[in-house]
Amino acid sequence: MTRVKKPGFWGVLHRHRVAYAYIAPFYILFAVFGLFPIVAGLAISFFSWNGVDPMRFVGMQNYLRLLADGMFWKAMGNTALIGLIAHVFILGGGLVLAYILNSNLVKFQNGFKTVYFLPMVTSAVASAIVFKALFGLNNGLINFVFKSMGFEGIDWWGGNGDFVKVAVIAMFSWQWIGWNMVIYLAGMQAISHDIYEAAEIDGANHVQVFFRITVPLLKPIILFTVIQSTIGTLGLFTEPFILTGTLLGGTDNQGMTAMMYLLNKAPYGNNLYGFASAVAYVISAIIIVVSLVNMKVFDRDETAAAPARRKK
Amino acid sequence: MILKKIFLYLLLLGIVAIMLLPFYWMLVLSTQPTTVIFQYPPPFWFGDNTVANFTAVTQSVNFLQAFSNTLIVSVVYTVLVLLFCSMGGYAFAMYDFPGRETLFTILLVTMMIPWTAGIIPWFFMMSKFGWINNFLALIVPGAANAFGIFWMRQYCKQNIPSSLIDAAKIDGLSEWLIFFRIVSPILASGFAALGIMMIVGSWNNFMQPLLILRDTSLHTLPLMLKYMLGDPTRGTDMGALMLASTMAVLPLLIAFLSASHYFMSGLTAGAVKE
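Here the protein sequences come in this chain order: Y and R. Per my numbering, residue 1 is the first one in the first sequence, and the count goes up by one each step. Per my numbering, residue 1001 is the first one in the second sequence, and the count goes up by one each step.
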């Protein structure tokens, strides 16, 4: 890239010094605070280390111990279940809302958008505290509604822990639906109005337009949100941590997510730095694998399955 | 057709109710004493215990301190982000230099890397730098972020005519003067949208402050709320906790509501292209 012969490397650098100076802060900060820790994390994951004593090389032992730990799989399972169900609302709901608000079916579009976005500007800790009260056993609003309808109140936080996930999913969806709606709205504004008009002339109804025009054309943006959501779900921490009160995720670890499991090993709970690094690497590997699978799925859908479906 | 419209409005308004319910409930509980909050049925309307709750907040934590800590961290962070990201975005959009495409691709790839992989060494670096219990740990690492540069590049491409820059150069203006006198004013609404995103993220950040700020006097608002939730000396005072939550959340909500029009249009405009 800098192999221009005549002025030499330093000559090029000097001639374009302004541009390089303007972009330098990012690359310096990324190298120091991004790249270096990621590389060092891989190295540490092969050691046993409590942060104080000398490091002891243990090879793959951290990884083997991790994969044999039932609690790790429980945390991964919780994270996957919470993420999958919540994203039906977050992505599906966000897409439908964006479609409705982008069409001219209703008025006050800006008002609706603003309200749906409000949870995004609200501290997750404050929201979690309010949701904890909403889902209270004896005096929460949700149980009051249930009891008024003649049902029994649900012990959301205690019992066998089955209902913790419902509360976490409710809050997670409430928070993020507006953000994804805004991203889809941005994408929809790039779709030409001619296409919609043509569809309308052909007599297509809104459900058909949504599934056959909007969703296929938004595919790159949907893929982007799916990948972002994968990263976000595997980093899910604040909400379940505040809702369940500890890093262990309440009764029977039913509310423990992957990130809570990680931080419980180090540095917030215990001091198992090598082991925690291995956890971090496994979580990151899962993020990358899921993202690649998504890319493949979306890619194939666009070329083969989508036209086939359209023909039906 | 009319039925369909009514159905759509009912759907949208129903979701509005769900979105606003937690805010309403938070406000109601802020005005109620804890004893009433724990009654059955719970209170649905505002009470008159706000002043007593406020006194309880001040007895439990130093709210002003947490507020100013949060303000310092998020404002300094946001100002640095706006400076570095507009510089970077401007350079990528307006300058032609060897390696530009490669460097920009690297920048885009860094957005896909899960940063979780480096969290343990990151924490150790912070302690080696002496940045535990130091705001710098929350400000410096993200001060020039890939998303912001990507964002400002889009904005520069759409809004700065290159003829303007050429004219300024012919007039003999230095690069710095061009950037601050000519480019920056054009980027104003881009600054506004990116600035809101950054200040919101920083204001509400919880995980990193939890790991870094161990000293109570350095707590930011989310950490203060967490502390009140499990207050070791006073226990959980629900009314006070709700009032403190309201006070922590309200400044940003008001700022967002008053700027939401610019924010929404800026957000959608910036993302349209790529």
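Some clues are possibly wrong.
Stated by the list, open to error - Label pairs and their calculated CB-CB ranges: (1) R:Ile1106 with Y:His206: 17 to 27 Å; (2) Y:Gly51 with R:Val1036: 44 to 54 Å; (3) R:Phe1147 with Y:Gly11: 26 to 36 Å; (4) R:Lys1128 with Y:Phe57: 43 to 53 Å; (5) R:Thr1050 with Y:Leu64: 38 to 48 Å; (6) Y:Glu152 with R:Leu1008: 26 to 36 Å; (7) R:Ser1184 with Y:Phe151: 55 to 65 Å; (8) R:Lys1128 with Y:Ala21: 23 to 33 Å; (9) R:Val1079 with Y:Phe211: 23 to 33 Å; (10) R:Gln1039 with Y:Gly70: 34 to 44 Å; (11) R:Tyr1095 with Y:Val293: 33 to 43 Å.
FYI, nobody ran anything at the bench for these hints, they're computed from the structure. As the structure is a prediction and not an experimental result, all values here were calculated from the model. Glycine included, C-beta positions come from ideal geometry on N, C-alpha and C.
Against the structure, the hints:
no.	hint	in the structure
1	R:Ile1106 with Y:His206: 17 to 27 Å	violated (42 Å)
2	Y:Gly51 with R:Val1036: 44 to 54 Å	holds (47 Å)
3	R:Phe1147 with Y:Gly11: 26 to 36 Å	holds (33 Å)
4	R:Lys1128 with Y:Phe57: 43 to 53 Å	violated (21 Å)
5	R:Thr1050 with Y:Leu64: 38 to 48 Å	violated (57 Å)
6	Y:Glu152 with R:Leu1008: 26 to 36 Å	holds (35 Å)
7	R:Ser1184 with Y:Phe151: 55 to 65 Å	holds (59 Å)
8	R:Lys1128 with Y:Ala21: 23 to 33 Å	holds (28 Å)
9	R:Val1079 with Y:Phe211: 23 to 33 Å	violated (45 Å)
10	R:Gln1039 with Y:Gly70: 34 to 44 Å	holds (42 Å)
11	R:Tyr1095 with Y:Val293: 33 to 43 Å	holds (38 Å)
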